[in-house]
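Chains as they are written, first to last, in my numbering: chain A, 1 to 225; chain B, 1 to 225; chain C, 1 to 225; chain D, 1 to 225; chain E, 1 to 225.
Treat the hints with care, as some may be off.
Simulated crosslink set (DSS-like; lysine-lysine; CA at most 27 Å straight-line) [to be verified]:
1) D:K82 to C:K23
2) A:K23 to A:K127
3) A:K127 to B:K127
4) C:K89 to B:K23
5) C:K145 to D:K82
6) A:K127 to A:K89
7) E:K89 to E:K46
Per label pair, the in silico range of CB-to-CB distance [as the list claims (entries may be wrong)]:
8) E:E70 to C:T91: 45 to 51 Å
9) D:S36 to E:E98: 38 to 44 Å
10) B:T147 to D:E98: 37 to 43 Å
11) B:S41 to C:D142: 52 to 58 Å
12) B:S41 to D:D34: 33 to 39 Å
13) A:D2 to D:L22: 49 to 55 Å
Keep in mind that the hints were calculated from the coordinates and are not lab data.
Beta carbons are placed, not taken as given, at the ideal position from N, Cα and C, and that holds for glycine.
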Amino acid sequence: MDSLVQLNVGGTNYMTLQSTLLKFQNSIFPELFDKSTSVDSVTGAKVIFIDRDGNLFRFILEFLRIGRVELPSNFGELQLLKREALYYKLTEMANQVEERSPSCITVGYRGTFAFGRDGLADVKFRKLSRILVSGKVNVCRDVFKDTLNDSRDPDTGFGDRYSSRYFLKHNILEQAFEMLYESGYCMVGACGSGTNSSALEIKPGQDSEENKWQHYNEFVFSRLN
Amino acid sequence: MDSLVQLNVGGTNYMTLQSTLLKFQNSIFPELFDKSTSVDSVTGAKVIFIDRDGNLFRFILEFLRIGRVELPSNFGELQLLKREALYYKLTEMANQVEERSPSCITVGYRGTFAFGRDGLADVKFRKLSRILVSGKVNVCRDVFKDTLNDSRDPDTGFGDRYSSRYFLKHNILEQAFEMLYESGYCMVGACGSGTNSSALEIKPGQDSEENKWQHYNEFVFSRLN
Amino acid sequence: MDSLVQLNVGGTNYMTLQSTLLKFQNSIFPELFDKSTSVDSVTGAKVIFIDRDGNLFRFILEFLRIGRVELPSNFGELQLLKREALYYKLTEMANQVEERSPSCITVGYRGTFAFGRDGLADVKFRKLSRILVSGKVNVCRDVFKDTLNDSRDPDTGFGDRYSSRYFLKHNILEQAFEMLYESGYCMVGACGSGTNSSALEIKPGQDSEENKWQHYNEFVFSRLN
Amino acid sequence: MDSLVQLNVGGTNYMTLQSTLLKFQNSIFPELFDKSTSVDSVTGAKVIFIDRDGNLFRFILEFLRIGRVELPSNFGELQLLKREALYYKLTEMANQVEERSPSCITVGYRGTFAFGRDGLADVKFRKLSRILVSGKVNVCRDVFKDTLNDSRDPDTGFGDRYSSRYFLKHNILEQAFEMLYESGYCMVGACGSGTNSSALEIKPGQDSEENKWQHYNEFVFSRLN
Amino acid sequence: MDSLVQLNVGGTNYMTLQSTLLKFQNSIFPELFDKSTSVDSVTGAKVIFIDRDGNLFRFILEFLRIGRVELPSNFGELQLLKREALYYKLTEMANQVEERSPSCITVGYRGTFAFGRDGLADVKFRKLSRILVSGKVNVCRDVFKDTLNDSRDPDTGFGDRYSSRYFLKHNILEQAFEMLYESGYCMVGACGSGTNSSALEIKPGQDSEENKWQHYNEFVFSRLN
Numbered sequence: 001m002d003s004l005v006q007l008n009v010g011g012t013n014y015m016t017l018q019s020t021l022l023k024f025q026n027s028i029f030p031e032l033f034d035k036s037t038s039v040d041s042v043t044g045a046k047v048i049f050i051d052r053d054g055n056l057f058r059f060i061l062e063f064l065r066i067g068r069v070e071l072p073s074n075f076g077e078l079q080l081l082k083r084e085a086l087y088y089k090l091t092e093m094a095n096q097v098e099e100r101s102p103s104c105i106t107v108g109y110r111g112t113f114a115f116g117r118d119g120l121a122d123v124k125f126r127k128l129s130r131i132l133v134s135g136k137v138n139v140c141r142d143v144f145k146d147t148l149n150d151s152r153d154p155d156t157g158f159g160d161r162y163s164s165r166y167f168l169k170h171n172i173l174e175q176a177f178e179m180l181y182e183s184g185y186c187m188v189g190a191c192g193s194g195t196n197s198s199a200l201e202i203k204p205g206q207d208s209e210e211n212k213w214q215h216y217n218e219f220v221f222s223r224l225n
Numbered sequence: 001m002d003s004l005v006q007l008n009v010g011g012t013n014y015m016t017l018q019s020t021l022l023k024f025q026n027s028i029f030p031e032l033f034d035k036s037t038s039v040d041s042v043t044g045a046k047v048i049f050i051d052r053d054g055n056l057f058r059f060i061l062e063f064l065r066i067g068r069v070e071l072p073s074n075f076g077e078l079q080l081l082k083r084e085a086l087y088y089k090l091t092e093m094a095n096q097v098e099e100r101s102p103s104c105i106t107v108g109y110r111g112t113f114a115f116g117r118d119g120l121a122d123v124k125f126r127k128l129s130r131i132l133v134s135g136k137v138n139v140c141r142d143v144f145k146d147t148l149n150d151s152r153d154p155d156t157g158f159g160d161r162y163s164s165r166y167f168l169k170h171n172i173l174e175q176a177f178e179m180l181y182e183s184g185y186c187m188v189g190a191c192g193s194g195t196n197s198s199a200l201e202i203k204p205g206q207d208s209e210e211n212k213w214q215h216y217n218e219f220v221f222s223r224l225n
Numbered sequence: 001m002d003s004l005v006q007l008n009v010g011g012t013n014y015m016t017l018q019s020t021l022l023k024f025q026n027s028i029f030p031e032l033f034d035k036s037t038s039v040d041s042v043t044g045a046k047v048i049f050i051d052r053d054g055n056l057f058r059f060i061l062e063f064l065r066i067g068r069v070e071l072p073s074n075f076g077e078l079q080l081l082k083r084e085a086l087y088y089k090l091t092e093m094a095n096q097v098e099e100r101s102p103s104c105i106t107v108g109y110r111g112t113f114a115f116g117r118d119g120l121a122d123v124k125f126r127k128l129s130r131i132l133v134s135g136k137v138n139v140c141r142d143v144f145k146d147t148l149n150d151s152r153d154p155d156t157g158f159g160d161r162y163s164s165r166y167f168l169k170h171n172i173l174e175q176a177f178e179m180l181y182e183s184g185y186c187m188v189g190a191c192g193s194g195t196n197s198s199a200l201e202i203k204p205g206q207d208s209e210e211n212k213w214q215h216y217n218e219f220v221f222s223r224l225n
Numbered sequence: 001m002d003s004l005v006q007l008n009v010g011g012t013n014y015m016t017l018q019s020t021l022l023k024f025q026n027s028i029f030p031e032l033f034d035k036s037t038s039v040d041s042v043t044g045a046k047v048i049f050i051d052r053d054g055n056l057f058r059f060i061l062e063f064l065r066i067g068r069v070e071l072p073s074n075f076g077e078l079q080l081l082k083r084e085a086l087y088y089k090l091t092e093m094a095n096q097v098e099e100r101s102p103s104c105i106t107v108g109y110r111g112t113f114a115f116g117r118d119g120l121a122d123v124k125f126r127k128l129s130r131i132l133v134s135g136k137v138n139v140c141r142d143v144f145k146d147t148l149n150d151s152r153d154p155d156t157g158f159g160d161r162y163s164s165r166y167f168l169k170h171n172i173l174e175q176a177f178e179m180l181y182e183s184g185y186c187m188v189g190a191c192g193s194g195t196n197s198s199a200l201e202i203k204p205g206q207d208s209e210e211n212k213w214q215h216y217n218e219f220v221f222s223r224l225n
Numbered sequence: 001m002d003s004l005v006q007l008n009v010g011g012t013n014y015m016t017l018q019s020t021l022l023k024f025q026n027s028i029f030p031e032l033f034d035k036s037t038s039v040d041s042v043t044g045a046k047v048i049f050i051d052r053d054g055n056l057f058r059f060i061l062e063f064l065r066i067g068r069v070e071l072p073s074n075f076g077e078l079q080l081l082k083r084e085a086l087y088y089k090l091t092e093m094a095n096q097v098e099e100r101s102p103s104c105i106t107v108g109y110r111g112t113f114a115f116g117r118d119g120l121a122d123v124k125f126r127k128l129s130r131i132l133v134s135g136k137v138n139v140c141r142d143v144f145k146d147t148l149n150d151s152r153d154p155d156t157g158f159g160d161r162y163s164s165r166y167f168l169k170h171n172i173l174e175q176a177f178e179m180l181y182e183s184g185y186c187m188v189g190a191c192g193s194g195t196n197s198s199a200l201e202i203k204p205g206q207d208s209e210e211n212k213w214q215h216y217n218e219f220v221f222s223r224l225n
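Build out the structure end to end from the sequences listed, making use of the hints.
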């Protein structure tokens, strides 16, 4: 039968099943379990004391349960957690934490507004010429999947290489943002700039109104883990 | 009579009524309840141990009580919560969490300042030509309700389609912001750009001062759930 | 004598005085109190169990104590709190929460820099022509009090009407920001744009240096409750 | 001998020394202490119940210990804390909280890039003409100390007066930011704008490249307490 | 044998090993340990009461365990923690906290877009001329390591001197951002500005389209500790 184990980690109490605690045989938990002789008088559960930080243990225990590192968005204690994983000799967990280093993706668009040929005041909406994406090759592909056009930079390979030549196959800015948020990214900065094309440059047939509203807006996203 | 049940979820204690716990017959709670033989010696309440994360259980229990997923603004653990809902076999809850994916709405305006005909220095205020809205069709309609003009993009249908042709029926920027905040959105980015219309373009009768202050400010809002 | 009452709200313990708990006769607390027969064996205090969220109860209890809804800045669970107030039949509290909907105020300024007549390089400082304020009429008046000039929009009345014609009687940007923070607002976005006046427009006697640095900076503030 | 006192504040437990609790004779604690007859059966410590918010009491107790109000950066419950201090009749604490109202400082710079005379493409770096500082007189002096040049506004006196004529004696933007962070300020907004000087204005001997990259970037800092 | 010690810090309970507590002989813990005569009746562990803030003690205890100050990103209570370290006479810890003062780094780039010679509309991507870095000399070197080009400012020495003449050896903006996040920095502000080069300046052979999209975007990063 699967018995309960009580864990006192630096004063914070956790409870788990014996089978959960002993899942990773190379971790320090099997030895801790065998050594412990203390038993809770009320519940009868074995009590193990660990002289480590009680807050971060929440994520150690979660890894024991599900075998994967899953963290809240913008979890800010990645370095500390890796150190804890190593202390508990959870090599697999330390590797997963290591892989989850902060990553940044920049989304930019050159845009203006559409104006009606007949000068109708109300026919004016945002007109994006292209959504540009920059960042690590494999990360951009993971986030944008088949909405990413990587035909201009096909030889960048995989892994930690970067590209700033990606663009999206669609021009829907909000969909790009949402795919980033779904992958755990948050917007951390936004900046805009207008162009400086003067009236002298307007060629015959060009819409000078559309020309003068041209701008470049750039949005930076980061994921802490 | 409705008796109390004590839940020890990974070491964190919760308490609820038996009727609340057993509300969803297809969840794992009825079986957990039947199996448990442990009773708290002081309160006499049945004690159930669950080997899962104790923090996220707050929202599981809340779903059992009210039958709806209700979360704090900017709740950052949506993926983790869905996994928990599935573990507890709360299919309805997992579906509701699934529906609450991050969404983004962009609000922009082209504007300048009004200047008095008689050149009175003090008669100058913000003059918006139009508040533009972009985002998912059904989400924009939900947020802005009858203040949204969707006549230019009437055939976008419902669901997950996007439009960048919406604008508001009024020009009150702060009301637009407040409706977004009321729907749980937060501003995550803002950027501005000026136009580049040169003096050469000013037509007779046009106010050159108004012309030269033209700008486009864009505000991005997101809702994490 | 005023006796203690222990409240177990979904597993979280609170303690209060009987007089505090029974202050609002139309709430559900008097009935809960009368029904409860459970007593804590150590303290002798009556114990009441409530099958609701334990975190939000902090604010319910605070309302019982002081009769007003007082919340941390940027409290993000306003909708959830209103639902709780209604559950406890604290109508007055639900009304106060209702009134505290998110509000936004925009502060902008058109500015440039002052340059010395004698061309002294060091005599250059920020020169604001006017601080513009937009937002709900009564909210702007509450925040800026007698520093708000509302003479240009005197007929906007009170309540939920909006104005974008307000400006401040002074040109001290930081004082405007501080009055907003004192009223619980936070800056959530900032964006700037330059003008496009070309050298062709400079009239005799005008300072071309001052002209070319003209910009419009806009700051958005929000208060979540 | 200094005995322990247990404080149950709205259900949250704190512990302190009798000497700490009785330090401020005009507060309500001496009377609460004398009235209390309850004793913890295990520790033998006197137990005092207080029907107030348990979270904010952390800062009340800290004031009793060290005699000064010390708060985390961006502490968002200043108004609530002042009310608590007044409730406990800690006048000195209420005064200190009152003094710690939100304050804002704006840092801006006009800048461009340095370009080599010999047109070497790589000799280009940021060139700030001056770092401008605006805000309350005494606050700016506190933050920037002897790096602040207040010679242009020497008569502003002290206290709550504002100046927008300050600049720094150095041109190191990051040092200015760090001094603000060291004083508990956070950046809450940033915006930039370019100039509009046209090529027509370039005087003989002027570097047109340097001229066209001129910009004004403005950074807003706030301290919540 | 290494026995357990229970610490009651202002009402919050921690637990550690005797060997951990006594590691720093010059701290106040050896004396506190010797003086304490209280023993927990259940666990038999010595109980020490400390009349200090219970939240910050988490980091004091962590220092006793690992001998280094390790803090969450954006830890906002640095001044408070230093005071605590001094109270406990952990001089080494106070020094480490002192060293971890807030630091700021600014990353900027001058950029435009690449346009195809043959005017192919789709061959357009971001083109950075250089990533500029400003901040403290030793801090910039720590963050960017051998990707930092400091050849233009080789004599700045070490320590607290600043440079605004650094640039990176590569033009990958996102890699620069990620190295900052890996070192514990967060983006706190972003602003952009366009240039004002007019058409008059375009020299024969120059790409006027590339010229008019020139902009300077600047990103400010800070690390609170």
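So, going through the hints one by one against the coordinates:
| no. | hint | verdict |
| --- | --- | --- |
| 1 | D:K82 to C:K23 | 24 Å, holds |
| 2 | A:K23 to A:K127 | 55 Å, violated |
| 3 | A:K127 to B:K127 | 22 Å, holds |
| 4 | C:K89 to B:K23 | 24 Å, holds |
| 5 | C:K145 to D:K82 | 22 Å, holds |
| 6 | A:K127 to A:K89 | 54 Å, violated |
| 7 | E:K89 to E:K46 | 21 Å, holds |
| 8 | E:E70 to C:T91: 45 to 51 Å | 49 Å, holds |
| 9 | D:S36 to E:E98: 38 to 44 Å | 42 Å, holds |
| 10 | B:T147 to D:E98: 37 to 43 Å | 41 Å, holds |
| 11 | B:S41 to C:D142: 52 to 58 Å | 55 Å, holds |
| 12 | B:S41 to D:D34: 33 to 39 Å | 37 Å, holds |
| 13 | A:D2 to D:L22: 49 to 55 Å | 52 Å, holds |
Checked against the numbered hints given earlier, this structure breaks hints 2 and 6; the rest are met.
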